[in-house]
Amino acid sequence: MVYTARDAAHQRLTQALEKGERLPFDLKGQTLYYMGPSPARPGQAIGAAGPTTSRRLDTYTPHLIAAGIRAMIGKGSRPPEVREAIKKYKAVYFVTIGGAGALLSKSIKQAEVIAYEDLGAEAIRRLEVKDFPAIVANDIYGGDLFEQEKAKYQRGKK
Amino acid sequence: MRNIKASAITQAVARLCQEANFVLGEDVLAALKQALKTEESPLGREVLSRLVENAKIAQKEQLPLCQDCGTAVVFLEIGQEVHIIGDLYAAVEEGVRRGYAQGYLRKSIVNKPFSARINTKDNTPPVTHIEIVPGERLKITVMPKGAGAENTSKLAMLKPGDGRQGIIDLVVKTVDEGGGSSCPPLIIGIGIGGTAEKAMLLAKKALLRKVAEPNPDSEIAELEREILAKVNALGIGPLGFGGRTTALAVHAEVMPTHIASLPVAINLQCHSARHKEAVL
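Order-wise, the sequence lines are chains A and B.
Every letter in the first sequence is one number past the one before it in my numbering, and letter 114, counting from 1, is 114.
In my numbering, each residue's number is its place in the second sequence (first place is 1) plus 1000.
Isolated chain B, as found in the complex (with noise of 0.2 Å):
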């Protein structure tokens, strides 16, 4: 049994809100560095050689790396053998509130959503997702997600005959009516099965996966490769300026569903793919 004061996930959580909007992952940047080479595209080439440089100016100056700082999404693994001292949604929101101060970050949070859509000024709440895990760790992952790529997240309740390729014309159709708006290159997030909000979550998972790396079972790194080629063969390229590299990498997360059910969810991720991590 281990005891964690909700002070230090506060602490924690300030902390990675600022790195995650300042320094671009490193695995990140070599997948850019990697389209500047093989991208056609001269224009293509010009945009990423500008991101990369963005980059750098980015962590150099501790400016973020775009304006839109996201809205805070946080991943909480918690060992079973913890115990939290404190109110540990307080903590993460405190977290948040204070890092997006300390690092002269956006506030883009309104609530009344439908109505008003008052600025709560701080960038809260953010959205938290909490999963319980053997062991007695707690790990952390803040990641900043924009609106930009965020609007064009897709969920579609498939039928079990649409199949393989209903979900890859689902993603190809979804990317292409993204275009430039949302701000490829793109990490594409897939997420399979389970129920409708469980495959939207399984999508967002998917983007904290290293870029590339491919999904472990062969028959779904295999379906991530053939949606990744029909996605770069578009054409829309780097913001859309045309080219070959319109996606990074596709990641799919896949679970059991109902024999009645195909859930096929999409949420994109923008060039600026945002997350930093920290086990207490």
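Chain A on its own, in the form it takes in the complex (with noise of 0.2 Å):
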């Protein structure tokens, strides 16, 4: 079970978190998937759902591992601000693939708006997935993928 959230709606839960209101829903343990799906055909769980650009969520991605959030699911690489905090906090951030949405909706069972309805396609969604493919990008090893891979394809560095 992942719950999706995009700029907008973790603006509103970092905002949450900062006045201390109550929350859409407990993040304590749970996974984020950095995503903001087409609308679904009547049968169909959901639409497109591929990743949407991590790197934008940065700023807040922080205070929500340390409210208890403990994986991600996004695309493209994470600053060092977010790697210490999944290190500290022994979180993981996955990496799917950006681009195939139509491939990725095949894995999500079900989809259902929990909170923000008015964001739309940015509204938190709660999706049981299932044979998801992700990769581990960021761990509390402290390792990164995109790293350790451009190294090994590089030519003709300076």
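Everything labelled a hint here was simulated from the structure, so no lab data went into it.
Below, in silico cross-link-like pairs of lysine to aspartate or glutamate (EDC-like), each with a Cα-Cα straight-line distance of 20 Å or less:
hint, chain 1, residue 1, chain 2, residue 2
1, A, Lys28, A, Asp58
2, B, Lys1056, A, Asp131
3, A, Lys106, B, Glu1061
4, B, Lys1112, A, Asp7
5, B, Lys1107, A, Asp7
6, B, Lys1210, B, Glu1026
7, A, Lys152, B, Glu1040
8, B, Lys1139, B, Glu1019
9, A, Lys106, B, Glu1053
Examples of chain A residues toward chain B, derived with CB under 7 Å:
hint, residue
10, Pro39
11, Gly50
12, Arg55
13, Ser77
14, Gly99
15, Gly120
16, Lys150
17, Tyr153
18, Gly156
Here a beta-carbon is modelled for each residue, glycine too, at the ideal position from N, C-alpha and C.
Once you've looked at the hints, go ahead and assemble the two chains, each given alone in its own frame, into the complex.
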């Protein structure tokens, strides 16, 4: 089970945390999937559902990890501050296949809007996923998939 | 003199919005399959094969290739002999509205971009570029442009002395900064010359060229080849997971410019390179 949240939801969640307001769901131990789907056709659980660019959410992420989030799924690399929070709180950052919106929708069996419905595609949805393809990009050991792999295939470094 | 009704434009735009979102271009698909053969990184190959699979599913089930169905960028080439009956801009906008509704495409446009950012709920307004050309045809191209790669666009007003090397360095730096976030493998659109806004338009139009078709000018084609090689030497690979295929192609469009200027615009296109055209 994962919860979707993009820019607007991250902003609202962080503001709610700062103000000590009640959050729409209990963050502890949960996974955030940075995703805003296209509308589902009748009979479909969800429309196309690939990840959005994680780096836009970097400023909010350490706060949410500190508040209990333990895993995130997105695309693209994270900066040192986020990697530090991942190490400190023993969280993990997964990346999935950016742009494979149709393929990834097949891994989502159920989707339900549970908060911020007014945000449309950016609402918080609870998803039931099965056989969802994801690779660890950052973990408690401090490694970074992007740096590690780029170094292998880089040519003619100055 | 030919009359074309605005309603015909609306219908064509609505159809093209959907087609572009569901059916990946033959040339793009071929380039991805070719990259599968040459990519050395196992993870890179895994990504490429999933992207090919994604294209198959999208077409078969009329699901968007990517959930970011983009800003509807609409290019119109209008023949001088064409007389349009009705409001052209309204017709295009209505076409986008219908296409995005009928196709269950994501509505990703907000107004008040620096304050409330309220979704317009119908993916309008589109971004429309119109050119008048000789003849009596009306050619419509719809390019759904997602924000991932679009957000890594760049414009630099280089000094003439920065020259060819300055351009190469800028493109390589821009692709490097985008990393995996711009969803490589990329098609890199470059606009050189003109003025600031013209260079950016050239860069975007460059993305409409058939993938990896070189510029007919041999000097520009040589620049395209060199940039492609340098970009692929970065090692970023598909989705930044490492590999030799960071870009599928580099397309540069060039025009004359001011004696004091060297405008260079870069518009990156992610692997979900979507555009479809129709001629009325």
